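S.K.: As a plain string of letters, each chain reads:
Protein chains: 2
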Amino acid sequence: MIEPIGNQYIVARPVYSANAFAEDHKKKLRYHKTFLDNLKVCCSCSTQKAKRIALSLFPIASWLPAYRIKEWLLSDIVSGISTGLVAVLQGLAFALLVSIPPSYGLYAAFFPVITYFFLGTSKHISVGPFPVLSMMVGAVVLRLVPTTSTMSLDIFNSSMSNDSSTDEYKVMVAATVTVLSGIIQLVMGVLQFGFVVIYLSESLISGFTTAAAIHVLVSQLKFILQLQVPAHTDPFSIFKVLNSIFSQIEKTNIADLVTSLIILLIVFVVKEINQRYKAKLPVPIPIELIMTVIATGVSYGFDFKNRFNVAVVGKMQSGFQPPITPDIQIFQDTIGDSFGIAIVGFAVAFSVASVYSLKYDYPIDGNQELIALGVSNIFGGSFRGFAASTSLSRSGVQESTGGKTQIAGLLSAIIVLIVIVAIGFLLEPLQKSVLAALALGNLKGMLMQFAEIGRLWRKDKYDCLIWIMTFIFAIVLGLGLGLAASVAFQLLTIVFRTQFPKCSILANVGRSNIYKNKKDYSDMYEPEGVKIFRCPSPIYFANIQFFKQKLTDAVGFNPLRILRKRNKALKKIRKLQKKGLLQVTPKGFICTIDGFKDSEDELDSHQIEELDQPINLADLPFQIDWNADLPVNIVVPKISLHSLILDFSAVSFLDISSMRGLKKILQEFMRIKVDVYIVGTDDDFIEKLVQCEFFDDEVKDSIFFLTIHDAILQILMKKDDSTSKFNSSQGKDAKFDFTINTNGGLRNRECQVPVETKF
Amino acid sequence: MIEPIGNQYIVARPVYSANAFAEDHKKKLRYHKTFLDNLKVCCSCSTQKAKRIALSLFPIASWLPAYRIKEWLLSDIVSGISTGLVAVLQGLAFALLVSIPPSYGLYAAFFPVITYFFLGTSKHISVGPFPVLSMMVGAVVLRLVPTTSTMSLDIFNSSMSNDSSTDEYKVMVAATVTVLSGIIQLVMGVLQFGFVVIYLSESLISGFTTAAAIHVLVSQLKFILQLQVPAHTDPFSIFKVLNSIFSQIEKTNIADLVTSLIILLIVFVVKEINQRYKAKLPVPIPIELIMTVIATGVSYGFDFKNRFNVAVVGKMQSGFQPPITPDIQIFQDTIGDSFGIAIVGFAVAFSVASVYSLKYDYPIDGNQELIALGVSNIFGGSFRGFAASTSLSRSGVQESTGGKTQIAGLLSAIIVLIVIVAIGFLLEPLQKSVLAALALGNLKGMLMQFAEIGRLWRKDKYDCLIWIMTFIFAIVLGLGLGLAASVAFQLLTIVFRTQFPKCSILANVGRSNIYKNKKDYSDMYEPEGVKIFRCPSPIYFANIQFFKQKLTDAVGFNPLRILRKRNKALKKIRKLQKKGLLQVTPKGFICTIDGFKDSEDELDSHQIEELDQPINLADLPFQIDWNADLPVNIVVPKISLHSLILDFSAVSFLDISSMRGLKKILQEFMRIKVDVYIVGTDDDFIEKLVQCEFFDDEVKDSIFFLTIHDAILQILMKKDDSTSKFNSSQGKDAKFDFTINTNGGLRNRECQVPVETKF
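As they're listed, the protein sequences go chains W and A.
In our numbering, each number is its position in the first sequence, counted from 1, plus 81.
In our numbering, each number is its position in the second sequence, counted from 1, plus 81.
Chain W extracted, bound-state conformation:
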């Protein structure tokens, strides 16, 4: 039993190396599941499992039977109607982002909701168009369907047939990209790839959505100013678009500009009021709806279209159009973009869904969400809709107006349906610039995220870098490619973070078992000849050289160089001995020569390899103390280090490259008689090394100790031992002098080196 004794930390136990501990405390034999075992579990089959999978594929089968009509239906209806109205407006506005006629936005707000109703696991998100996603689809559409820049300013005056066929092709491209991204989502869902969202960190999402907001802003400028902007392909497209706009800025339609500025101003102000008096207002003022109604009325009443030549929503096709078969040829050209759309769409929907799932405490299933979104997009795309995910604001409306289940979503789809089949024509006089202004009204929050940069810079440089790079990538390369580049860069930062670890030398503070960075405290104790080196990160191929460099810096010498110098010196001593020039005297080496000629400057490659071998003293009748003075002309750097402790408590893994490097380092130190101790590793770490055949006769598994303090005690004990042994055996041990008799010695000099004879 551990008993607390006052505020005291009192421990008395044997010093433990990993081996000694294993002897005292037998480890249980545990069966570790292999890859095959996991595969077996994964692939095993049972009726129950089949049933569970079937149920999880159709979540509606679980929640619909449990629907509490009396309690939930009313709030679902209220929520459904509000959401539906928002969905209509957003559908129209976001269709402009895709560069297709607004009416198609309604399809995007209708079809996906139907399938999600059956397949989705979230009860609160409102599936449908999302600005960033619409932008991404729009980028593909603009790339594949170049609009002729010579078209007249008012698109309604230009040849109608040509225009509508272009529009048709645009819709076709948008639908195809949507279907393809749906297929990708479906496949990912089936393959259980729902975990990919974890690779989108907060900093990345923040930088990405800010860039997306800039893209949206720029793309809406042409509607606000009512300019014809030719299509630009992805990388650098934003700059090209801006260039086009400013080069024809004098052609601006003032009526459109004024309308949108007024709308924008009103929307901003009312949204601010909504935000500030959140608590006092029963529901937020539906300013978008109000503005749309007013703007449509004004535009119709004063016949803006003909009077000011503004662009209006125009002919709303009443009812549905036949489904289309996606163009396989387009699949090939858009696979990269579709991948981006699939990922972003899922990431947004999933993150919004998880906010609500956490809030209302029900489970959502990432993989099922992928399947639901995938099917929704395939379905929606086939009926000429464009990529759906969820919009934060619309989901917010659905939830805050009391939506309890996807029944609300279904009802919102019915509202959209009514607009599609019956009252869509009412919106025909609405100016496109009004829709653009409404779309911009939502961007404030996203653009405010620029403030993140400063905050992140103060907190974490790497996160700040991720934000900035993501923003730059997404702006410059476009959203699809930019996202890929950002994710790659972000993963790279994880490597960077571990690649240049802040290695430090530790020493004892307070004379107990606490070891801290030597530079940080003043009253430190470091036993003589002992270095404690801490590496605070995993070691792998990219930082093993760095680790080695830091370790060499810390100990102050390169062990390999010392080894070579000693081996070279040994060669000379052997040669002297062979020639009979060396004699052992009890006091050490006595040499009567100063100018002993060294003819061995040139070593061939084989000889150099020999120098890297362990020092072999087996055939010498004496041992050499390398830190004492050696016979004349033989100079070996003296090192005071006898023990090196590597604190590996934060080294979470080694890879093969680093293992080989580490072994080499250990060997080099051991060959110059520096004892190496590795401490703080867990058992798995040692097991892994055993498995990789790390240990041999030179590097043994006895180098592992539980803690730094265990190793330090072991070192002190060993030193004590050897001193006392030396003292006790001194009587028996004879010390000999070497005398070098030289023929050509001009000067005589004596140097005494203590040598210990071997028995």
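Hints in this document: simulated from the structure, not taken from any laboratory.
Keep in mind that a hint or two might mislead.
[To be verified] Here are the in silico distance ranges between beta carbons for each label pair: (1) W/E774 <-> A/A635: 27 to 35 angstroms; (2) W/W538 <-> A/W144: 44 to 52 angstroms; (3) W/D118 <-> A/A93: 46 to 54 angstroms; (4) W/K359 <-> A/K114: 43 to 51 angstroms; (5) W/Q89 <-> A/S803: 13 to 21 angstroms; (6) W/L528 <-> A/S125: 35 to 43 angstroms; (7) A/N100 <-> W/V716: 46 to 54 angstroms; (8) W/P311 <-> A/A565: 53 to 61 angstroms; (9) W/V379 <-> A/Q410: 52 to 60 angstroms; (10) A/L155 <-> W/T633: 31 to 39 angstroms.
[Claimed, not checked] Restricting the straight-line Cα-Cα distance to at most 27 angstroms, the calculated cross-link-like pairs of lysine-lysine (DSS-like) are: (11) W/K631 <-> A/K599; (12) W/K631 <-> A/K653; (13) A/K652 <-> W/K440; (14) W/K440 <-> A/K744; (15) A/K352 <-> W/K114; (16) W/K114 <-> A/K599; (17) A/K440 <-> W/K744; (18) W/K583 <-> A/K109; (19) W/K151 <-> A/K653; (20) A/K440 <-> W/K646; (21) A/K107 <-> W/K540; (22) W/K649 <-> A/K359; (23) W/K359 <-> A/K649; (24) W/K599 <-> A/K769; (25) A/K540 <-> W/K109; (26) W/K600 <-> A/K769; (27) W/K114 <-> A/K542; (28) A/K361 <-> W/K656.
[Claimed, not checked] So these bits of chain W aren't anywhere near chain A, every CB distance computed over 10 angstroms: (29) N119; (30) P311; (31) F420.
This structure is a prediction, so every number in the text was calculated from the model and none was measured.
Think of the CB as a built atom: it goes at the ideal place given N, C-alpha and C, for glycine as much as any other residue.
Once you have looked at the hints, place chain A on chain W.
M.R.: Here is chain A on its own, set in the frame of chain W:
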């Protein structure tokens, strides 16, 4: 002083939280260099620095004046001649890999050596053609210059002019790619990007070179069988080439096939002999040279060219050709490949150079090497050579025959020069298939690397995966793109390794200060109500969810859910109290009601947010023991956990995302009165958290303790404290009973809950 007492680990010190320790041991104020400081040092200017930089730009200025003519010149001459002969043969053979006439290979073996002589820092590598690099250049050449597949079998019979212009264009492409990659290397060198090589791990290099060997093998097949193979662009090209070859296998030139098989056999056998009797042979048998001489003689003597219609080296242009200006248009098309060539070329040269620098103990400078190779490639490319690096075998020859400095390299270039200007015509009758066979003779070692797969699988699954994926990428995508994909994949594995850490629950072993995985040992002690959770890897955006999941699994409940249930229960208790239905009795709650109606099933979103707030008992006249039975119908899950220790000794960093996640987790636990302790972190870690405003009134920096044992002792002490306080204050403390008087209570039931009153 720490004194070893037998084999005993004896410690007595106060229990330390991080704060208590900081009070006892004052930290020194250290100035940490900021980014700006480092920039200042980097950009500072002085005469000395300028001189050092100038010297480092021309390493020859350091080593040439120190050249020991007497000792080194002879061996440099011997080495230079041997290397030169090998360079001639390799130049001819590797030119075939580039798909250009063999004579251009001689330029590649001549020009780069000259510039490297002045700029290089390695004394032993032999700069010049390298098979993998030649392959990579060849892939670009074949992509940009499609050979007409309708060409007649014997290229010398086809229209000469057409052919030579094609060849000229090929040479042009090869030279342009070489210059571009040289420019990339030069720029990287100037920007100090020499560190990039660390991203090429051993497993990656092994997999990559094996794939390169396969590419070389396949590309040489057409020379050995003497078939016309049309060009195929990069991804999947290897399969397309194989398809082409097998579809026309019946057109094989038997004479070429037989010659190359014989050569291949002899080369293999003699190389084996060289290897086996390495120690006994004074120099390895120069079998390539011998075979070339014999094959040339035989081909000339028996007029193979006309008799068997074999392809020969053919007209060797004597002397040099004028330099060419690279085609800027080609730059655009080959920037990706050039990048790959630049990196691979540098990586190979640098790794070979560092082997020798380590062996002979002299420094090499990665950035200077980049500059040297870059200039060499620009120079060589301008004179119609192709990309140069170093070949392992040729550098081996230069070193093993005694080369001491780049003087040997310069002499080898002179040998090549002699062949170019004088005796090149002698090689004209040599069969191309012989050159191909000689190139293949060097592949055995690389192909043997397949054995790595099994070895790596046993040691480290991730490394094995890197090997296999690199191999597949390089085979399928081609060498340039494949390398990029492999590096990306390899970096991803670093993320994978840390992403799913093996979290574990620790417990005390042996009743001292040792804590190990609870599952591993049998006689473990875990204080009641305490969990010790260890996360053995950094925590960041990609694994914070995983960490949370594992922690929830470990403690057995979701703290947020408990908090909500408690807050809900509290609401009910408050309501009861307000209605006067609740009275405090000394023995706890006494309730006389069973069917208390719960009308609060439906909560709106605002109310749900309230449930996540800390439990506020301030306005209640009593405290509630959540683990005791509560009044009827109020059920809250009981938890026994009162303290949670997080062992973060291996958590080397947190990012912003994970910090936010961690804080949320800590809050949730603290709000349900579970004390959280974080142990094992270093000081930097806490400083970082302070900097990121991690701490507030709820999550304080007093949760940090030095070790698990400190935290455990603190917990036991606290518990002791509260028990004794409770015992001593029991006399004063009054316990009250709550009595619920219900109006509609049907059944009476009593349940007593111990409550502690608040003062």
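S.K.: Work down the list of hints and note, for each, if the structure agrees.
M.R.: The hints, checked one at a time:
A hinted range of 27 to 35 angstroms for the beta carbons of W/E774 and A/A635 is consistent with their spacing of about 34 angstroms. For W/W538 paired with A/W144, a C-beta distance near 46 angstroms keeps the hint of 44 to 52 angstroms intact. At about 47 angstroms, the CB distance of W/D118 to A/A93 agrees with the hint of 46 to 54 angstroms. With their beta carbons about 47 angstroms apart, W/K359 and A/K114 fall inside the hinted range of 43 to 51 angstroms.
Distance hint check for W/Q89 and A/S803: the Cβ-Cβ separation is about 19 angstroms, which falls inside the suggested range of 13 to 21 angstroms. In this structure the supplied range 35 to 43 angstroms holds for W/L528 paired with A/S125, their Cβ-Cβ distance being about 40 angstroms. The hinted window of 46 to 54 angstroms between A/N100 and W/V716 holds, with their beta carbons roughly 52 angstroms apart. At roughly 33 angstroms, the beta-carbon separation of W/P311 and A/A565 lies outside the given 53 to 61 angstroms, and the hint is violated.
In this structure the hint that W/V379 and A/Q410 lie 52 to 60 angstroms apart at CB holds, the actual value being about 56 angstroms. The hinted window of 31 to 39 angstroms between A/L155 and W/T633 holds, with their beta carbons roughly 36 angstroms apart. For the hint pairing W/K631 with A/K599, the CA-to-CA distance comes to about 35 angstroms; that exceeds 27 angstroms, so the pair is violated. About 62 angstroms separates the Cα atoms of W/K631 and A/K653, which puts this hinted pair outside 27 angstroms; it is violated.
For the hint pairing A/K652 with W/K440, the CA-to-CA distance comes to about 18 angstroms; that is within 27 angstroms, so the pair holds. Distance restraint check for W/K440 and A/K744: the Cα-Cα separation of roughly 17 angstroms lies within the 27 angstroms cut-off, and the hinted pair is therefore satisfied. Between the alpha carbons of A/K352 and W/K114 the distance comes to roughly 46 angstroms, so the proposed pair goes past 27 angstroms and is violated. A threshold of 27 angstroms between alpha carbons decides the hint, and for W/K114 with A/K599 the separation of about 17 angstroms falls inside it, so the pair holds.
Of the pairs offered as hints, the one joining A/K440 and W/K744 holds, with about 17 angstroms between alpha carbons and a cut-off of 27 angstroms not exceeded. Annotation: proposed proximity of W/K583 to A/K109 holds, straight-line Cα distance about 18 angstroms (limit 27 angstroms). This hinted pair checks out: W/K151 and A/K653 have alpha carbons roughly 24 angstroms apart, not beyond 27 angstroms. Restraint check for A/K440 and W/K646: satisfied, since their Cα atoms lie roughly 13 angstroms apart, inside the 27 angstroms limit.
A hinted pair counts as satisfied when its Cα atoms are at most 27 angstroms apart, and A/K107 with W/K540 qualifies at roughly 25 angstroms. As the CA atoms of W/K649 and A/K359 are separated by approximately 25 angstroms, the hinted pair is consistent with the 27 angstroms bound. For the hint pairing W/K359 with A/K649, the CA-to-CA distance comes to about 25 angstroms; that is within 27 angstroms, so the pair holds. For the given pair, W/K599 sits about 19 angstroms from A/K769 by alpha-carbon distance, which is consistent with the 27 angstroms threshold.
A distance of roughly 23 angstroms separates the Cα atoms of A/K540 and W/K109; the hinted pair therefore holds under the 27 angstroms criterion. The suggested pairing of W/K600 with A/K769 holds, with an alpha-carbon distance near 18 angstroms, which does not exceed 27 angstroms. This hinted pair checks out: W/K114 and A/K542 have alpha carbons roughly 15 angstroms apart, not beyond 27 angstroms. Distance hint between A/K361 and W/K656 is fulfilled; the C-alpha atoms sit about 25 angstroms from each other, no more than 27 angstroms.
With a closest Cβ-Cβ approach of about 12 angstroms to chain A, W/N119 is found to remain outside the 10 angstroms limit, as its non-interface label requires. Consistency note on W/P311: stated as away from chain A, and its beta-carbon is indeed over 10 angstroms from all of that chain's, at 23 angstroms minimum. Listed as a non-interface residue, W/F420 keeps its Cβ farther than 10 angstroms from every Cβ of chain A; the least gap is roughly 15 angstroms.
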